[in-house]
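**Student:** Chain by chain, the residues run as shown.
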Amino acid sequence: MRSIAEIFVTPRARRIWALIRKESVQVLRDPSSVAIGIVLPTILILLFGYGLSLDVTSVPVAVVLENPTPRATELAAGFRMSPYFDATVVTAMPRAQELMVQRKVDAIIRIRPDFARRLNGGDTEIQVLTHAIDANHARIVETYAQGAVAAWAARQRGEGKPVAGAGPVTVQNRLWFNEAFDSRYFLVPGLVVLVMTLIGSMLTALVVAREWERGTLEALFITPVAPDEILLGKTIPYFVLGLIGLAICLLSAKFLFHVPFRGSLWVLTGASMLYLLVALGIGLLISSALKSQFVAIMVTMLVTFLPAMMLSGFLFDLRSMPLAVQGITYVLPARYFVALLQTVFLAGNVWSVILPNAAALAGMAVVLLILTRGVTRKKLA
Amino acid sequence: MTPPPPILACQAVVKTFRRETGEIVRALDGVNVEVGHGTLAALVGPDGAGKTTLLRLAAGLMTADSGDVAVLGMDIRRDAASVQARIGYMPQRFGLYDDLSVQENLDLYADMHGVTGPPRRQRYERLLHMTALGPFTRRLAGKLSGGMKQKLGLACTLIRQPELLLLDEPTVGVDPLSRRELWEIITDLVHGQGVSVVVSTTYLDEAPRAGMAIVMHQGKVLACGPPDEVCHIATGRVFRVRPASGQAARGLQARLLDAPGIVDAVPEAGLVRIVTVDTTPPTLAELEPPTSTRETFRDGFMVLMQSTQTQADEGLDQGFHQPATAPTAFSLQPTASPVVSVRGLVRRFGDFTAVDHVDFQVRRGEVFGLLGPNGAGKTTTFRMLCGLLPASGGELTVAGVDLHKTRASARQRIGYVAQKYSLYGQLSVVENLGFFASAYGLRGSRRRGRIEWAIREFGLADFARLTSEKLPGGYKQRLAMAAALLHEPEILFLDEPTSGADPLARRDFWRRITALAEGGVTVIVTTHFMEEAEYCDRIAIIDAGKIWAQDTPANLRQRARRDDQPEPTMEEAFLEIVEAARRGNP
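Protein chains in written order, with our numbering: chain A, 1 to 381; chain B, 1001 to 1586.
With the rest of the complex left out, here is chain B (with noise of 0.2 Å):
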């Protein structure tokens, strides 16, 4: 008897694209994959890695230039039709109609597989309560949570069964509540009604959920199998340092980094995460001897990553430097008076309340984090306090000072990064930090002075002539800081500076706020990544306009403690505290 086909294979796999530039991107470069009957697999990657592209070929919406992909047993380039009869595919954004509701979406999607009479009535009566869309089916699609347009688009996706499910960063942008019932559908859909599911994601974390990871990285499948065959790769090479008494964990993180024989280290609940090349613990002067620890997914991850990342890190080295403001020695002492201060701070849009009495004190040199999922106030927050955006109630000063009051020169003393980045596509890289110095108003030898940093300082001397458009995503980044940074503010608020970047590009993010905090500068930055929460002195989750708690990251984590769950995750204690506040105030 011959074993059943596998429900997905990939053989040698080649896609390219051409660009607008013309330059030919090797999306997928010779993938070979297999995925079993009932299997869960996650595909997962940074941006760029390829995971959208194979998804895409799966279903039939792309042709492959060379080699074979077969889907439940038939060449997909021949049998596309017959194919996608019994798969289902959910594209990024869910693929749904803003302007339908959430009936009407269901509808739509039930009359083009052909899904009618009593079936579709027990079918709808089915996803409507595993979605618990039940009380919304009125509503526009586009009114919806992104949690719930996620299950929405899911439940369209299996309104006929299928055999094999594709979905495509179901989770992004997503908060994590959802994302943990996004994965206990799909756990459910393969445990309990036998549908084999592929996943794509950017969350690390999400992969052990699935039966087998594919690690893809620029086109290329790094490692495809258990999840825990990725986890092994670094047993034995993962150690916890403690920080010596008064150094920030991020502090000891940033220098471990470049110390020879460490592949990657992490800051975690105040100590240290470090992965080494292999198993002999690292000798740290003048520090306790490190102490083995369990591996993760992201440290085998970590390690599958540096094998092919050697050329991206030399251009890390070149391009990173301590910053040329000596750093002033910063104790941070609690009396110091807080350079950012808000009290009751109120925002309503119409009826809606984004943002509902926050309090919180961020202190000189202080790497303060808001933690929350989208739409939870955080950057209606941040337009408040840098100026762009009214208060509806509350008191806020920065640096001593309401930017939305004062004259605008006051901002001479903050630089804001804004979400996707605000530079000029077609401008190159000098002339976007001509221009911001220009508006910053620096003029002669300081503003060639303070150019010429920018470029040395963030590595952009290669590119300095390429439009911004053109950069690769981590330059963007590093140019959207350069020009933050251009006029030596005091107090820098980067919104979602990491949204979309993959792990090597946010550790080289996070070395960068790192020395920016030693030169005493104070930062307040977003994010949506629960394990970036480490690199903050202190945290406030916000949640629907409300903090619910403000603590550094290690006693957050101590709240989330119970027996069955001795060491939390940050994003355990997230869900913890976010909980907590949803149960108390429905």
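Looking at chain A on its own, in the form it has when it is part of the complex (with noise of 0.2 Å):
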């Protein structure tokens, strides 16, 4: 019955370990903290991972070549090979329209017969006709086509053939950070995010309100226990567990999803432990004013982990939203991680971003604590 406590010298330093302790047991033992703590967040890996992706790929489009000249095809043949393009190649505009109509293809592109004695004379054109139901989508064809345009012309150039004029056939389209414009180099990363904010607000948030709940913090009111031990003795565990999320995160985008990783682990790690903060803040904070679990749940989802979906620029470009939304977001702890996130992923370490959102989130953190320490209280009403 010797207990691992015993060897800590002081009484506090003795409580302290004893909650923790007792906090790492349940998490073990307690099949929804293991659901949420490490379940989930492997699901939402492998699902932005894998499943869900922004990127479009075999587009189905209609390539119109109504003069099959040799620089036409070649153009016609750039469509069919690209693998963002699933090309069907017709004779006539009548079968590519309807083609469209029966929403058998997305796309039309139109290479007019006049289109090789034109580009000679340096006035090219082609016609891209895009399915427009879905806009984001046929935006994003839009480009595709266009790229797919400028990847033929290089071609030509290379081999020395004259491409003259301006128009979609110069296009200059250079993706930084994203060359290869996958989806997942900022999803993976953005899913940090979301583990951090799932285990360091929801978890945290749910197993106080138990606390509150079944009584149990009664209980330990009544001991000569500390009210910043009691938050000690639920901060380091779910910090603990948070980094835990933190490391499954970074492996599977090293290892499985091949996400480059430009600038330094210390930085990111740094981080982290800054919105981890700030999420368990929130967490304790709202668990220890609603004392509901249902309620608790609720509320964190609704306060951090929507937000950290939809307002973090995580999904959604943020300087593409109303301003007022813009406004909101500069609330949102989850904005300045995604920005730290995504600069430190993908571009490096760049100190003129990651110093002022790393100052947003420490300053959070410091309020958030402040104020947690101030509303726990050995006292019930």
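Worth flagging that the hints you see were computed from the coordinates, not collected in a lab.
One should not assume that every hint holds.
Claimed, not checked - Below, computed lysine-lysine pairings styled on DSS-like, alpha-carbon distance capped at 27 Å:
(1) A:K291 x B:K1143
(2) B:K1470 x A:K291
(3) A:K379 x B:K1546
(4) B:K1405 x B:K1220
(5) B:K1470 x B:K1420
(6) B:K1143 x B:K1546
(7) B:K1546 x B:K1405
(8) A:K291 x A:K378
(9) B:K1546 x A:K291
(10) A:K254 x A:K379
(11) B:K1220 x B:K1143
(12) B:K1405 x B:K1143
Said to hold, decoys possible - For each label pair, taking beta carbons as the anchor points, the in silico distance ranges come out as:
(13) B:G1425 x A:T42: 50 to 56 Å
(14) A:V353 x B:P1118: 55 to 61 Å
(15) A:K379 x B:G1225: 49 to 55 Å
(16) B:G1117 x A:L251: 40 to 46 Å
A quick note: this is a predicted structure, and the numbers were derived from the prediction, not measured.
We put the beta carbon where it would ideally sit given N, CA and C, even for glycine.
Put the two chains together into one complex, using the hints given.
**Tutor:** Here it is in structure tokens:
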């Protein structure tokens, strides 16, 4: 019946250790903690890594080749070979229109009969018609088409054939930081935000509210334990669990999805720790205020998880949001963390981005932890 | 020499709470209490009386709005930490971590209290011996029975010997055997080790075990002194009346409740026990003259409650009528064919047998009680009877059919009030009734008529527009019963309908049951309040999934009759039967 706690010299250290040990045992034994802390992050990683991708590939298109001159045929072949398109070559426009109406194709690339002649004259035109019911999709297809034409033009130049004039043929489209234009490159780092939010805020809010509901905090309050010891007993285990979640995300990013990692691991870990503290602060604050598992999980979902998903720049670009919504994002810790993550992963240690975002997170962490300490009293009402 | 200060002293203590609806509740309303050193004090009162609030104030977990609370001679507001270092407090539900084993729970509290080294091991040994939890140290607390949980909670509280021990309803939801064991432990702490104990309870029969009773109601202390003083309030005012032959005791009891000059009436061993407003025995036409009997704590308590309950009683009178359906005269003939018949009923969950070869028959118009501790298998039996759960074996018929196997229309003939009442908290009283009427397929004028009937019959008119979650406790139960009776079922199943209700609400409830049974409705009810068994025509004592005895309350009490126990209570009879069963079936 000896316990490790006995080797701790001061009663205070012994109490904190006993609380940490208790919490860890509970996490390991409680299926819902394991589900939120480990199973859910893993599912998210696999889902975002493999299943959900914002990339569009094999877009069905019809290439209308009305006059198969060698250069026009080469362009059409460019579409046929591209992994982004699943091109059907037709010889007349009406047939292509028919396919489009039946939604068998999402776009029509029309290479006019006078393509070769006009090309030499430096006045080329390629018509791209997109099925624009899904506007986002249409824009992506449009960009791909431009890309394919540009690739063709580059090949032509490489072979010494002149490609003159402006217009779509000379489109210069360069993608920075995400050269492969692979959405995994920003989705997987973004996952770190979701996992940290899940463990830091939701799991913590849940376990603290549970102690209120089951009356266990009431029994603890009567012992000599101090409020900050209770807080440390809750913070440290979930902080460690959050770091484990971080490790799972980083390892899968690197080895499963081959996301480039250009910044320093230390900067990333430091930033994640800061965000984890903020998330823990929110979770502890909400659960101390609400004291009910159901309400706590709903509120944390609304104020942390959903904003982290929608308004952090993880899925949707913040700059394309209405100004009012952009304003809201400034109070969301996830926004700063996403900026940090994407920079450290894909651009490297860009201090001009890292420092202000880290400062914002640090400030929030300090305010939240002070607030949490303030509301945690050994009183029931 | 000045006498030592009392271990707990409250003076003019007021504590208010604001409900979510905005109304202010006075949980404690000018409370004065003094508990001396080495005293075992029982804090008695119905739910919402303010017992928990008082204990929490004494433990320093809440602060009073005004007034003084002194514990061990110290002001709890100023010296909460030093008071807490010298007291023990067990909250309701015992404050245990279900995911931790017995040993891990003990370790946690020992570390919290800084109990280490050899004293810790000695203490463990002693506590495990006292609670008989020694063989279960590796079992998770969540897997313990209610009685074992309660003892573990107590052990965690006693990890460091306190000078004052505060226990908040430690015996709620615990079977009578475990309750008795707990009281033995508490009594030993007080007399053997000089610990002062304040224990709150809703079981009135527990109060006489204490050296002092504090009777609370609606935030006020009605009495504070030796339990005998409370008993004496009713001295010379308690009588027993024998019902006319052929009349059920509860029928007479229901009528006597309304008789002038009578404070309380309960059925007891085939007779009716009455408490009168003065010492002259009432003269009752056509009945033998009442015989005087010894007063109990409950009798005194009812007199105290009555003095504060005039208002509620008016509500009761307004709410209660004889059923609109003319009561058909029923004579309970033993030959009458059973309406509910259960033979060899078995229900297994994995390798756990919740209901183990249960047999019973219930005749039309009978009130049949299933009496047993939590986890005995009462609810499981009910669910099978109502067709909500298939049986693993055996036969059962309700109104001639097995509800699980026949079509839902057969369920029209039964009404079911589940534990905690299946009401929609956000819907108003009328909306709840409307919903259940539709669910039972009532339409048009019949639907309107039945809803009006329910509102009138159960005195719900004043609350018709209130959402059901805001109803006072007793009215929730009325609404649940009204909803179950909308379609005029022949058979009514009530699962722990009185759990958490105060004695007056429970009495009101049984009056309705009596009226329904007189109207020919068959009632099957579960309860863990032993004294409620007296309202039933017959009861079955159920423990660990088996029925151990089945008889009239009077006959069951006779079984426990011994020389040292000439007039056993229902609880004593229950203990006798269950203990005998457990001895024979280890």
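**Student:** Could you work out which of the previously given hints the structure breaks and list their numbers from low to high?
**Tutor:** Of the numbered hints given earlier, those the structure breaks are 3, 4, 9, 10, 11, 12, 13 and 15, listed in rising order.
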